[in-house]
Every structure is written in structure tokens, then in C-alpha cells.
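These protein sequence lines are chains A and B, in that order.
So in the UniProt record's numbering, spot 172 of the first sequence is number 172, and the numbers just go up one at a time.
So in the UniProt record's numbering, spot 395 of the second sequence is number 395, and the numbers just go up one at a time.
Please note: incorrect hints may appear among the correct ones.
Stretch by stretch, here's where chain A covers chain B in the computed footprint (C-beta under 8 Å, at least three residues) [to be verified]:
1. 114-128
2. 187-200
3. 283-295
Within a straight-line C-alpha distance of at most 25 Å, the following computed BS3-like cross-link-like pairs (lysine-lysine) qualify [said to hold, decoys possible]:
4. K96/A to K425/B
5. K119/B to K138/B
6. K29/B to K138/A
7. K423/B to K96/A
8. K133/B to K116/A
9. K197/B to K116/A
10. K197/B to K133/B
11. K96/A to K453/B
12. K29/B to K49/B
13. K29/B to K123/A
14. K116/A to K138/A
15. K116/A to K175/B
16. K116/A to K116/B
17. K138/A to K74/B
18. K175/A to K243/B
19. K257/B to K175/A
20. K116/A to K257/B
21. K116/A to K29/B
22. K257/B to K197/B
23. K123/A to K119/B
24. K236/B to K172/A
25. K77/A to K545/B
26. K138/A to K243/B
27. K309/B to K96/A
28. K172/A to K243/B
29. K85/B to K116/A
30. K257/B to K138/A
31. K74/B to K116/A
32. K544/B to K77/A
33. K77/A to K548/B
34. K425/B to K373/B
35. K386/B to K425/B
36. K386/B to K423/B
37. K116/B to K123/A
38. K236/B to K175/A
39. K473/B to K77/A
40. K545/B to K518/B
These aren't lab readings, by the way, just hints derived from the structure by calculation.
Just so you know, these numbers come straight off a predicted model, no measurement behind them.
Glycine included, every Cβ here is placed at the ideal spot set by N, Cα and C.
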Amino acid sequence: MADNCGDEFEEENNKEKKSSRLTPPRGFSENEEDDEDDDSSETDSSEEDEEEEHGAPLEGAYDPADYEHLPVSAEIKELFQYISRYTPQLIDLDHKLKPFIPDFIPAVGDIDAFLKVPRPDGKPDNLGLLVLDEPSTKQSDPTVLSLWLTENSKQHNITQHMKVKSLEDAEKNPKAIDTWIESISELHRSKPPATVHYTRPMPDIDTLMQEWSPEFEELLGKVSLPTAEMDCSLAEYTDVICAILDIPVYKSRVQSLHLLFSLYSEFKNSQHFKALAEGKKVFTPPSNCTSQAGDAETLTLS
Amino acid sequence: MILSRAKPAVGGEPPQTNKRKKKGRKIPKLEELLSQRDFTGAITLLEFKRHVGEQEEDTNLWIGYCAFHLGDYKRALEEYESATKEESCSPEVWVNLACTYFFLGMYKQAEAAGFKAPKSRLQNRLLFHLAHKFNDEKKLMNFHQNLQDITEDQLSLASIHYMRSHYQEAIDIYKRILLDNREYLALNVYVALCYYKLDYYDVSQEVLAVYLQQIPDSTIALNLKACNHFRLYNGKAAEAELKSLMDNAPSSFEFAKELIRHNLVVFRGGEGALQVLPPLVDVIPEARLNLVIYYLRQDDVQEAYNLIKDLEPTTPQEYILKGVVNAALGQEMGSRDHMKIAQQFFQLVGGSASECDTIPGRQCMASCFFLLKQFDDVLIYLNSFKSYFYNDDIFNFNYAQAKAATGNTSEAEEVFLLIQNEKLKNDYVYLSWLARCYIMNKKPRLAWELYLKMETSGESFSLLQLIANDCYKMGQFYYSAKAFDVLERLDPNPEYWEGKRGACVGIFQMILAGQEPKETLREVLHLLRSTGNTQVEYIIRIMKKWAKENRVPV
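Bound conformation, chain B alone (with noise of 0.2 Å):
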């Protein structure tokens, strides 16, 4: 028993718990979710009509209608297919199967419906995108001058526009159509998006914003503005924007899906790319694009050129792949023909007008000329973006070949030195062209200092040549009579003894105009010495001779 209750048992306000009660809950209206563009709940309520005998004659239209918008286009092509089979069926039906079966991708499918549908504006619309799906030009034309100054005919045709590249035209399009209706906020949305094409990230954030104000969770917005975010900052700003998304959509959330699984590989940097890409292949056009970026990354030129052969480019961003891939296999293959076909694309994408002032239009140009060992052009346009690549190993790596193809030795050797990347440190074409620095820079010690570091292979042979006749090009015999020594042992072919003999000479020449050491010639002695030719008795004479008069010890 309990005497020193304080609180009243009975009569005491119970706590309330179920305060949400009072909000209670009404059987929404479809009107309203209509409104609220809830199609999943329209959907229900419509089938929950349905089962219980309540529907209406056209409720699987309107189910058609709800999933369409939702984007569950397989569930509308259910709904439209067997209410194209009834009898009553309107033969406006037809239009909207041969929407449905457009945007599933089943373009013939899609033509066949659309030509079974009485003419209206929407039958128009779709077979004018039919047209450029199939690009017919003619047809294309046709449907063309079918549209009508009315808006969604205008909106129609801009996103033509949109999908050809030609961004300007869209947002003129739009931008005429919002100067009349103010009050058609998506279309801030259309106009963002041609900016952010036209690589105008911060004009598209700016009318972005005029259509998150009213819509803050709207899906395509946000993921926009990722985007942007990513083009402006890094991906980890845009992840965090993708995030908020991803965390207010309940889970069950269908629609833009694999759109956001796509941009998260990307502003992961790839992270995760062999899981999500490769089912998104022709799904998502960037897909197969990122993909290919992916294998170039990991080296894997083969795989890269397998995925993009095929494709035939119509977009900035796809000739440039298309050419940095054959760029690649060309010269890892030595085929000049795939060289060829690099060079013509980057010079297509270099010199059109809307890449010409982008980095990755200059960067185009700058391989073009690349392969066309134009290298004065090269450093043109390496120079004009380079502030943006300060510690790039991939540019420096072609930025101090191109310095040095033009003579720049001296700068050519700083970047060289610049790159940390250990696959390019060893690769043959920087370590000819470091020697070849090092030994015009009159540094020959560190030239040959790179061939001690090789394994013996038929390309530390070619390095010996090149030191050998690079340095006595420059008068540097020591290094030249080393190397030509080396040579002589490994290839007894007189033209090295001849080398090493003119080399040899050298020092002694270099040594009586006191440019080397006197105590050198011991050692210059030697390398003759090593050589079983006639000639050496002669020379070493003399030169023992000399070394007697002038008490050099040898």
C-alpha cells in the first residue's frame, strides 16, 4: 500500500503521449495528391478504388497517369498496353503507350503506337523526338515545321536544342516563354541546366536558386546543384548536396535513383565505379563515358577502347574520350593509324568554338599538336592553362618534353624533376629526355648517374648512346669515353672504338687546355687499354710522352 502517492491516481492529466492524435489523419483526396505530386499514394488510392468496386471507368488511365509521372514506366505500359486492348479504349490512349514505350527506350515500339494515335500536338512532339532519336534529318524537318508558337510545343523543341548541344537557343526559347509567364518556375530549372552545359556553373546556380526557394527538395534541382557544386568546388561539396537528398527521400524512393548512384561514383572519384557503371551503361549516357575514364585510370587502355569503339561521338566530352583513348592504345601499340584518329578528334574538339577557351578544349589542342611534334604550338597552349596544373604529373610530363623538343633544356629539367609519379619516372621517354637535359645542362655526371640506376635491357643500351654521343657532342669526353667503353664491351662494333677514341682524345685535349684534371689521363689510359686495337699503342705513346715532359704521373 502506498500512503505518500502525491500524483492523484485517478482525475491526474495522464502524460500525453499521442499528441500526434490530435493531428489525426484524413483519407487524402486524389486531387490532393495529385497536387502534392504524391503519385505513389495517388496509385494506391486508385487501386484500393479499384478493389473495392468504387472505380471509375478510366482508373487504370489514371493509374497509367500517376505511374507515368512517377516514372515507373514499366508500370504504365502495363496499364496503357491492356487499355489499348479493350474496346472501348479511346484511341487517344495510343499517344500516351507511345510515351511510355519513348522514354522505357523502345524508340520503334514507340513510333509504331505514336502513328496509331489521332493527330494531336503531343503525337507531333513525340514523333518529332523520334525523328532525332532515329536521326532522320528530313523527318526531323517535317515534324519541325509542325510545331506551333504554343508552349509546349516551344518548351518541346528547346529541349531538342538541349539534347543537339545548342544551348543558346534553348535558353532563348525559355527565356521568352518566362518573360510572358513568370509564373512557370521549372522553366529557371531548364535554363540552369543549359548553363551548367555551357560550363557557366555560378549563372546556373543563381537561377537555380529562384526554383529551390520553392521547391527545396525538389530532386532534379538538387542534383543540379551538385553538380555544380562539383564543377565549382570539389566532389565532396557535392556529395554533401546529393546527401541531403538521399537523407530526405524515404528509401523507398525510386525515382532519379540510379541517376544519384551515378553522380556518387563520380564525386567519389570513381570509388565503386565496376559496381554501379556498368548496369547504367546506355541507361545513363555518362555512364559508359565515366567508365572509360575509369579504365584509363587504372591503365587499362584495352578495356577503355572496347568500351567506346563503338560509339559514335556527338558531344564534346565524347570526342575528346574518343581521342584520348586512341591517343593511348596508338602509341602503346605504335599504331598510327589509331594516332591519326586522336589527332583529328582533338583538333574537331580544340578548334570548335565552344571548347576553343575551356581547359579541356586547350588540352585538346595541345595533343594535337603533340602528335603532330608541333612542339612550339604545344607549349602555346600548355602555357595558356597551366597555373591550373602546377603539380600535375601528366602535364608536366608533356609540358618538359615539349620545353625540351624546343631547345628549353634548362626548364625542361626543372619539370622533369617536378613529376613524382614512379611509373613515368621509369618510363623510357623521361629518362632519354632527363639524360638528354642533364647533358645539354653540362651535368653529364647526372646523366650517367641515370643510367647506373637502370637494369641492363636493351633500353639502358639506348640511354649509353645517347650519352655517348649527346656528350661528346658537347665536348663532355669523360662521360662519352664511359659510355663508349661500355658500348664496346657489350657490341664489338668499330664504330664504338672510333668514339671512344675520338673521346679518349678529348679528355687528353681537355686536359692540356686545363678544363679537366691532369691526373684524369691515368684513368683515360685505362680505358684505352681495354680496347686490343693497334692504334691504342700510338695513342697511349704519345700520351705517356707528354705526361713524362709536363711529370704527370700516369
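Isolated chain A (complex conformation) (with noise of 0.2 Å):
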């Protein structure tokens, strides 16, 4: 039990005192050790039945003397006599103490003992001290965290155990899934772009991206290349359009395709090119073919 009541910084905080810190019970003079209140202990109007005592006569209570003075006869008078004869019983009632349940006690737990390991390398942490030892809300994910360790240690034959984690209630924690999701791409972007190797003798993409002859440029001019609007299947449109970019088409058009659409990537992040296209926007071969490759859209349609 706590012995300790604390009076000294009750004064010094004098204004803070709690509602629940109560001025000493009225008209209980043994117990009082504060004297700040004793104006009101006497004067209280609501304690007029102390000077009720118990053994006092019932107020209001039945005596036969109020009706000595009724006038009438003696046989009525002798019949009175047995209002007295019966002695009411003093019906002792059972009190039930109702016992005041408490609140319900929050838990703000204890405070840091000073029982903490100390660093490995024993230079100070001031856990505790500078800042309470806890974590930081903001912890890493450790799976996020473990992908990005093994793509920036270039070890990618590195096949750690990782735990993937799950997470209960998926549905009702959206958050948790839109970081999920951030997180890795964010990661992925980080990443170079995946590399294919081409079963089949394949140009390179310099090789692809130099300038047509001029009298194909010439000519570009005045025609314009076949667009998916031709009249023949997607397969032969793909082969028609690698001929034109010098892509050879082997068995799959697969790698070849992959060819392409690196090339128009190429050309679309070129810085040159992007400024020879706002340059001359009718002269540009090679954007002119990228263009078209860029209509994807218009390519899976025909």
C-alpha cells in the first residue's frame, strides 16, 4: 500500500488537482489532517438527521394518550384497551451493502529498470535516457528490406530463405497490401531491365537504329509506311515490319518482337531523337517507324 500521499508537489501543482482528489469527509473531524474546507463541516444542512437518535421515540408514532380525551363510554373505553394490548413487533430489516465496482483500470505499464543489454561493441545506446527504449513505429519490412539487400549486394544466385509473410484479414487492411505493393515496385523499378538472351543470331540495337539509305529516306516522304491497316494477318504484318527494320524473323516471332519493341524503347528514351523529332517532325524515319510500332493498340487490331 502506497504510504506516501504525496502533499508536497500538491502544492506546488496546486491547480492541477485531480477531480478525483476530494476535500476531507464533512463532519468526520478525526480523520481530517487539511484544515482548508473546515468552514463548510459544521454548517451542513443535509446532516439534520443526526440529531435523530435512534432510540428516540418514532416521530409520528400511534400514543394512545392523544385519545384519552374522546368522549365516550366506559364499554367503548374498555374496548380501547386492546389497541395497547398488542405491542407492535419491531421488524429488524437486513441491510445489503450494493459494493461500488470500479472502473476499469487501463494498463500504462512500468517503467524502463535499467535491466537492458548493452551493445555488443559497449559504446553507449542511451536507450532509455535521450529516448524511451522502444521501437520505432516505423520499422522496415523485413522481406522488402531482404529483396533490396540481395539485389544491391549484385549476388543474385544468393537463394536466401526468406519468409514470406501473409497477412490476416487482408480484406479489411488495404493499406497494409497498397504498401506491400509500393514497396515492390518501387524495387523493381530500382532494377535494370531484365535481359533476354536471343537463341538466334540477333543485330544489335545500334546496328538497328542507324540511318536508312536517302533514297529510302527520300522516299519516306512521300510514302508512308504499311500501316496494321493492310489486309493481312498479324503474323504477316509482324514479318513485313521487322523486313522494313532489318529484324530477321526465325521460327517464333517471339525474339523477334522483343527486338522491336527494345529498338522503340530505344528510339522513345533517346534524348537525340526526341530533339531531331520536335526538330524536323516530317523527316524522322526512324520515329516515324517507331511511331507506328508505338500503336500497339492498332498492331493487336488488325
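Hints are included, so try docking the two chains, each in its own frame, into the full complex.
Structure follows, in C-alpha cells:
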């Protein structure tokens, strides 16, 4: 049991005195240690019942003497004797204390006892002094961080056993899912694009980006490249475009198409051609071709 | 073919969807992670290093350190246990292992490991706290004497003061250290915790704000803030504080999760108590008490008693609860022993310096005197905090009884009538005391109506006796006669006839005195006739004679 009352700081913090600290119970002087409130202790109107002692005759109780004056016959007077002949019992009633059930009690935890393991290198960590010894709420996601570390170490062959976390009540926790998607896409953005190893010889991108012959360039000024409107199958159209761009087509067109789109992407991201395209829009054969490859929707529709 | 294309297909700036990329992300260093207290990140990094073979000698100790401060003591234990099994292990690791055991609640193991460690400040602090856990005062004093006037030792001592409810001593230590080390921000939280325990919630909030200003997302500090709000305002305000904490922390954040789940039950008035609290019993000290409170509110006194009977009380709250449970059980079973225990606990809390001026302390004193049947004293205490409980049925139930017991039946009647709870209103204690108040306040008809509403039972029989005798005493012979008449039918005890006879003559006297209408005489005769006693004819004859002389129709 606490045996310190805390009067000392009560003085210094007078104004914050909590409402749960009460003034001394009124009219109970044995227990008093406070003197602030003694003006109200004796003059309490709500305690007029105090004069009423338990043993005192009940107020308003029947008293036969009140009726002795009644002008009645001797016969009736005798009859009245019956009233006093019965003495009403004093019936003791039980009391029942309904105990005051306390409020629920929140938990605040204990205070740092400085029973904490030190850093292995013996340097001070100031935990529990400068900051509370508690983890910050912003903890790294171990899975994401591991992926970053693996990525960063350039040792892609590491097959680390990674705990893949699962999420309970995922539908109730869209925030966690968003965070996860965001961090993974962030990771992916930072990765270099995946390289594809072609099974058959393919020209390299730089070769493909060379200018066409002047004659061809000139022709392009008058005639546009075949569009996807052409009356042919997608496969045939692919062959035509690849032929124009000097991309060989082998048995499967997938690798040729990969090269085609890599070429497009290269043009699209090239600062040089960007400037060129802005300068003279008409005469830009490579960009012309890319603009078509770029209209992927058109390509697939035909 | 699209000719109207406005945006150049090439050259137009592609929309910057990936702004984030600029921010980039570099691989964090261990020191950075530690300084951000991102111990999860630190462990991941250390594990990765261990995996790729980059590990330095004491990677396991670093992982142990991080897991410990993350609050993942099981993980820390694994690392330290395996470390102590290595031959090259430094003996200092034993004290780390001991600390870990301590936080896992494995005090015996903690002590054994602690003794294997070389003497150090940390070892002494640990053994000091263990002595406290084992209630070994002698050892406690020994280790206490070994504490030095250095910050960590003093803070460790303060924490013992806190656990022993010596909050002022703890505050003194914190304030002294803060005086020389303003930068020790965390100490503000410790002071705030002490003020919270002392019920100075406003002061606690003020001191706490100093810390939260610097570290706004601190779990411990925000939880304390929520608790202060609970005490100052209500559960809703408190829950709002916790909610911001839960929203900001990722779902995988385990630290203090149990504490928060526990407090949510508290703030929601016990909602989910049976799901959340049982597994937390003996993990969070308050969980057992709250479960007891929950059962008490459900009127499941036996279950409440089972949970608390073996608890050795140390805090005022524990004493109060033990008192409440014993009082409830004692009255339910009619056990004097339980009542005695309850009364002693109430006296202990209510008379203590720390609680005598709090509402719970005053409640204890009132309860104590109530059990001792010293109702004048009960009233003194109840009056001192009645303004907080105007519409509280439990308060009014006790208050009205105390008023009635001290003879103030008119106020008692008023207070009884404030009670809304049906269960309380059907309690025989309520009915009998209210009936008595009605009779004393000259409203015998209302008392009679209380009887009429009751089912026939032992209690309704008792109420009849009460009405018959109390009314007789008060000269309210009409209802006394009616009650005696029923009693006589139920139990042909000559005493009931005597009572009825006297009451009937009493009514006659009242008629003669002009205090009862003359017409009542007819009913009196009717009541008398229902008894087959020879005296009946004699009495009736006299009454009839009078009626004839006074022209009263009978």
C-alpha cells in the first residue's frame, strides 16, 4: 500500500489538483488533516437527520394518550384497551451493501528498470535516456529489405530462405497491401531491365538504329510505312515490319518482336532522337517507324 | 491512322509516374537502423550479412541486442543461449541472457544466469530487481546498498520505487537527474507515468507533452496519453488516441500490441473482455483485475472470486477489488468471514494516506462502515462524493439505505425512487426499506401497493409483517388491519388475531376521533367477522351499538 501521500507536490501543483482528489469528508473531524475546508464542515444542511437519535421515540408514532380525551362510554373505553394490548413487533430489516464496482483499469506498463543488454561493442546507446527504449513505429519490412539487400549485393544467385509473410484479414487491411505493392514496385523500378538471351543471332540495337539509305529516306517523305490497316494477318504484318527494320524473323516471332519493342523503347528514351523529332517532324524515318510500333493497339487490332 | 494527333509520340515528356524513383533507396547501414530504432531492419540486415558470409564475429550478439530492444525476447533468448554455448563466449553474455530471462518472466533462470556473469553494474541491478520479484527484503537491501550514484543505477532504483507504489520517491530521483541532464527526454515520460499513478492526470499530460513534441509516434507515450484521456474524459476520447497509434504502426508491429489490445477492452467498457483478457492474465497485471471487474458487472460473483482468491494484494486497486468481491460473495452466501475480510480491506484502503482523498478511497470507507452498520459514518463518506454519482443506481441503493437507517425516511424515499435498475427494484432489501419509508412518511397505501405487486412468497409474507407492525406502530390501523387479516389467513397464529383485533379497534378509535371516515366501519366489521373468535361478537356488538347511536350505516 502506498504510504506516501504526495502532499509536497500537491502544493507546487495546486492548480492541477484532480477532481478525483476530494475535500475531506464533512463532519468527520477525527480523520482530518486538511484545514482548508473546515468552514463547511459543521454547517451542513443535509445532515439535519443527525439530531435524530436511534433510540428516540418515532416521530408520528401512535400514542394512546392522544385519544384519552374522546368522550366515549365506559364500554368503548374498555374496548380501546385492545389497542395497547398488542405491542407491534420491531422488525429488523436487512441491509445490503451493493459494492462499488471499480472502473476498468487501463494498463500503462512499468518504468524502464535499466535491465537492458548493452551494445556488443560497448558503445552507449542512450536508450531509455534520450529516447524511450522502445522500437520506433517505423520498422522496415523484413521481406522488402531482404529483397533490397539481395538486389544490392549483385549476388543474384543467393537463394536466401526468406519468410514470406501473410496478412490476416487482408480485406480489412488495404493499407498494408498498398504499402506492400508500393515497396515492391519501388524495388522493381530500381532494378535494371531484365536481359533476354536470343537463341538465334540478332543484330544489336545500335546497328538497327542506323539511318536508312538516302533513297529510302526520300521515299518515306512521299509514301508512309504500311499501317496495320493492311489486309493481312498479324503474323504477316509482323514479318513486314520486321523486314523493313532489318530484324530477322526465325521460326518463332517472339524474339523478333522483343527486339522490335526494345528498339522502340531505345528510340523513345533517346534524347538525341527526341530533339530530332521536335526539330523536324516530317523527316524522321526512325521515329516514324517507332510511332507505328508505338501504336500497339492498332497493331493488335488488325 | 491518326492525323489529328496533338501530342508528339516521341519527344513529349512521358508522364512522370515514378517520381518515387528519384528518391531512390540506398541500402541502410546498421548504425542508421539502430539510431532510428528500426530493430527489425537491423536484424534483417544482420541476418543477411550472416547469410552471405559477411558476418563479423558477434553478429549473434548484435541480433540478440536488436531482438531484445525490439521486445522480441524469445528471439533474443535463442541468440544468447546459443552464444553462451560457444566456447569462445565472453562471460559477459551471461548477464544479457539473464536480462532476457527476466523479461520473459523466467526469474529463476534469470537468477541462475545472472550469477554466472562477472560482477557488473548491470548484474547488480538485475539481482536487485530479482530480489524484489522474490520478495526477499534482505537481498533487496544488499543489492540496494551496492547501487551507486550513477544514472542507470539511480533510474533502476526509481523503477523499484514505482513498482512499490512509492511514486513520489521515484519522481524525486527523475527530477534530480533531469536537473543536470535536460537532454534525457525519456525521463519526462517516467515522471508522467508516476503522476498518472498518483491520479494527477493533467500534470501527467503536461510532462508527457514534452516528450511527444520530440517523438510524436512513441508507443509508450501515446498509450499513456490515451490512459490519461480515459481518466480525464472517457473511453471514447481514449480510444481515439490509441487509434492514431494503431493507424500509424504497420500491422506487423508487435511491440506493445498486447497492451493496446488490453486497453481497447478497457476503453470500450469491457467489450471483448472474454476474448482478449484471459490469455493476458499474468502477462499484464491489470488483465486479471479487469476480468474480475467484468465478472462483477455481469453479476457472476463466483467466477470473480475464483480469479482473485489467490491474488496477494499489493496495490490499492487490488485491495479494493478483493474487498468488493468478498463483500459481494459474503452477502450472497451470508458468510460473515467474507464480510469481515471485505470490511478489513476497505478500511485498509480507505484509511491509507494515498487513497483517503480519492473517490475509490471514500467508497471503501463508506463500504467499510456500511458493513459495520455505522450508518451515520456511511453518510458522512457518501455525502462527500455524492455529486459524482447523482444517477448511479448502486450509489443510490446504498445511500438510501443509510438515510433510512439513520431515520431520514423522507430523503431515503426520494433516493430509493431514483433507482432505475429493475433487479435492484425487485430486491427485497429495496422493497422492505421503501415500504418502511412509505409508512414512516404516512403513505401506507403505497406500501400496501408494493405488497400487492409481489408474487406470494416468503418475502411477501415478510413484507406483510412489516406493514402490519410498522403501520400499527404509526397508528395507521387501516392498513395494519388489512395486513394482519391476510397474515391470519395464511397462518392462524393467535398473535395475528391480537394484532388484527387491536388494529380494528384502532380504526374505530380513529373514526371516533374523526381521523377516519365513518364508512370504514363497515369494512372493519367485515374484517372482524372473518375470524372465528368468541371475542369478535363482543367487539362487533359495541361497534354496532355506537353505529346505531350515531346513525352510521353498517
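Restraint check for K77/A with K548/B, where alpha carbons must lie at most 25 Å apart: holds, 18 Å
Hint check: K116/A vs K138/A, CA-CA at most 25 Å. Holds or violated? Status holds; Cα separation ~22 Å.
Between K138/A and K74/B, is the straight-line Cα distance small enough, at 25 Å or below? holds, 21 Å
Would the pair K116/A and K116/B pass a check requiring their Cα atoms to be no farther apart than 25 Å? holds, 17 Å
Can the restraint linking K85/B and K116/A be considered satisfied, given a maximum Cα separation of 25 Å? Distance ~21 Å between K85/B and K116/A Cα, so the pair holds.
Is the straight-line distance between the alpha-carbon of K77/A and that of K545/B 25 Å or less? holds, 14 Å
Regarding the pair K29/B and K49/B, is the alpha-carbon distance no greater than 25 Å? holds, 12 Å
Please verify whether K386/B and K425/B have alpha carbons no more than 25 Å apart. This hinted pair holds, its Cα atoms lying about 20 Å apart.
Would you mind confirming whether the straight-line C-alpha gap from K386/B to K423/B stays at or under 25 Å? The given pair, whose Cα atoms are some 22 Å apart, holds under the 25 Å limit.
Can you confirm whether the C-alpha distance between K473/B and K77/A stays at or below 25 Å? holds, 20 Å
Restraint check for K423/B with K96/A, where alpha carbons must lie at most 25 Å apart: holds, 14 Å
Restraint check for K257/B with K175/A, where alpha carbons must lie at most 25 Å apart: holds, 18 Å
Violated hints for the displayed structure: none, as all numbered hints are satisfied.
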